[in-house]
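Whole structure, please, built from the sequences with the hints as guidance.
If you count by this note's numbering, then the sequence shown holds residues 69 to 208, one letter each, in order.
Among the hints, a few may not be true.
To be verified - Listed below are the simulated DSSO-like cross-link pairs for lysine-lysine, each with C-alpha atoms no more than 27 Å apart in a straight line:
1) Lys87 to Lys188
2) Lys186 to Lys87
3) Lys185 to Lys87
Note that these hints are calculated values from the structure, not bench results.
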Amino acid sequence: IALICGLGIAAIVDLRTRKIPLQLIVGMIVIGVARVIDVAVNTRDIKDIIFQILIAMIPGLFMLLISYYTRQSIGYGDGLLVLTMGLYINPEMMISVIMLSMALAGVTALILIVFAKKSKNYEMAFCPFLVLEYATTLLL
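Here it is, written out as structure tokens:
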């Protein structure tokens, strides 16, 4: 619930301002770490849980590197948000959400370029695609 609420708020702010508030990401990290600690305390396989979380956070690290090297063609907020999602969902779901989000964002960008005559430098919020694909993945 914390993840979908946080993503929903981030998507609304991202659509309006093209920025994701750092305070929101920090709050999601705090809740995510508390969740991880709770799961770790109630399980015997702590190493496996930590390994799964670290693997799930790799796409966020990758997005942060892309953001740095492309001078934020993908914003740091998007990378931090994806990194934070790794605290909540397993690696398989993370890869699925990221791939579907990027595909949907790409199709949307193509439609905007062709039909709405936007330039290829048009800034588009990415977080709404994350929310949509995460919710879709949960429902499937």
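Tested hints:
1. The straight-line distance between the Cα atoms of lysine 87 and lysine 188 is roughly 19 Å, inside the 27 Å bound, and the hint therefore holds.
2. Restraint check for lysine 186 and lysine 87: the C-alpha separation of about 20 Å stays at or below 27 Å, so the hint holds.
3. Annotation: proposed proximity of lysine 185 to lysine 87 holds, straight-line Cα distance about 24 Å (limit 27 Å).
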